[in-house]
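The whole structure should be built from the sequences, with the hints applied where relevant.
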Amino acid sequence: MDATPTTGMTTEAAEQLRRTFPPTSVGTLPKPMQKNAPKGQCRECGGYHGLPAVHLPYVGHAAVTDRLLSVDPGWSWEPMATDERGLPALDSARNLWIRLTVLGVTRIGVGDGVSAKEAIGDAIRNAAMRFGVALDLWSKEELESSLPPEQLRDAPPSEPDRPISDLDRARNSAWLATEGRGTDDERKTLLTDFLAQHDVTPETASPAQWTAAAEKFCRDDAR
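Note that the sequence shown covers residues 25 to 247 in our numbering.
Please keep in mind that the hints were generated in silico from the structure rather than gathered at the bench.
Any given hint might turn out to be false.
[Stated by the list, open to error] Simulated crosslink set (PhoX-like; lysine-lysine; CA at most 20 Å straight-line):
{"id": "1", "residue 1": "Lys55", "residue 2": "Lys141"}
{"id": "2", "residue 1": "Lys212", "residue 2": "Lys141"}
{"id": "3", "residue 1": "Lys212", "residue 2": "Lys240"}
Written as structure tokens, this is what we have:
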């Protein structure tokens, strides 16, 4: 008797995950060459960040989320460790390790950032790459050469002491889907207004309603 767990990951689904993104979905991400590098106006991208820096091609979280939703509307992620409040915990190098599950298949990802939402988005992109999402844009040599030794990833932390709830997953996805749409307060207003159309508030919305919000803003970004 075959004891191998069954999943919904078919060859067709795997190919859909690996499909090349259109140029309009590809941006560039500045990566400072040194930790705590002095910030300045970048002549290459016009941004204000640590210099010198390399600029790596990448696909933003909204496009990645849209790709995951198109293959598996029920995809999910959870942190590999949580703190005493049940929030995602970082390792000693301030990296966030997660498990991303798509069509019953789970793979590990790691991310970092100056805020929790940036770390979550980075970790989801990294884990999605393990499924082939935007794999053609990833270069191990480029990524590793842009990070000093003290910033290299630690080993994954221990098992999470409390799994993230479906509600928190859905809220995280909706919040990530609004990135780049103004200030945090403006993003909260966007989500609140969308939920109000369904006669619910952020406090009473169900996981399905938060997921609907994520799908709505991802579709808007994909247009």
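Now the hints, each set against the structure:
Only pairs whose Cα atoms come within 20 Å are accepted, and Lys55 paired with Lys141 is accepted, the gap being roughly 18 Å. Restraint check for Lys212 and Lys141: satisfied, since their Cα atoms lie roughly 14 Å apart, inside the 20 Å limit. Taking the CA atoms of Lys212 and Lys240, the gap is about 15 Å. The hint holds against a cut of 20 Å.
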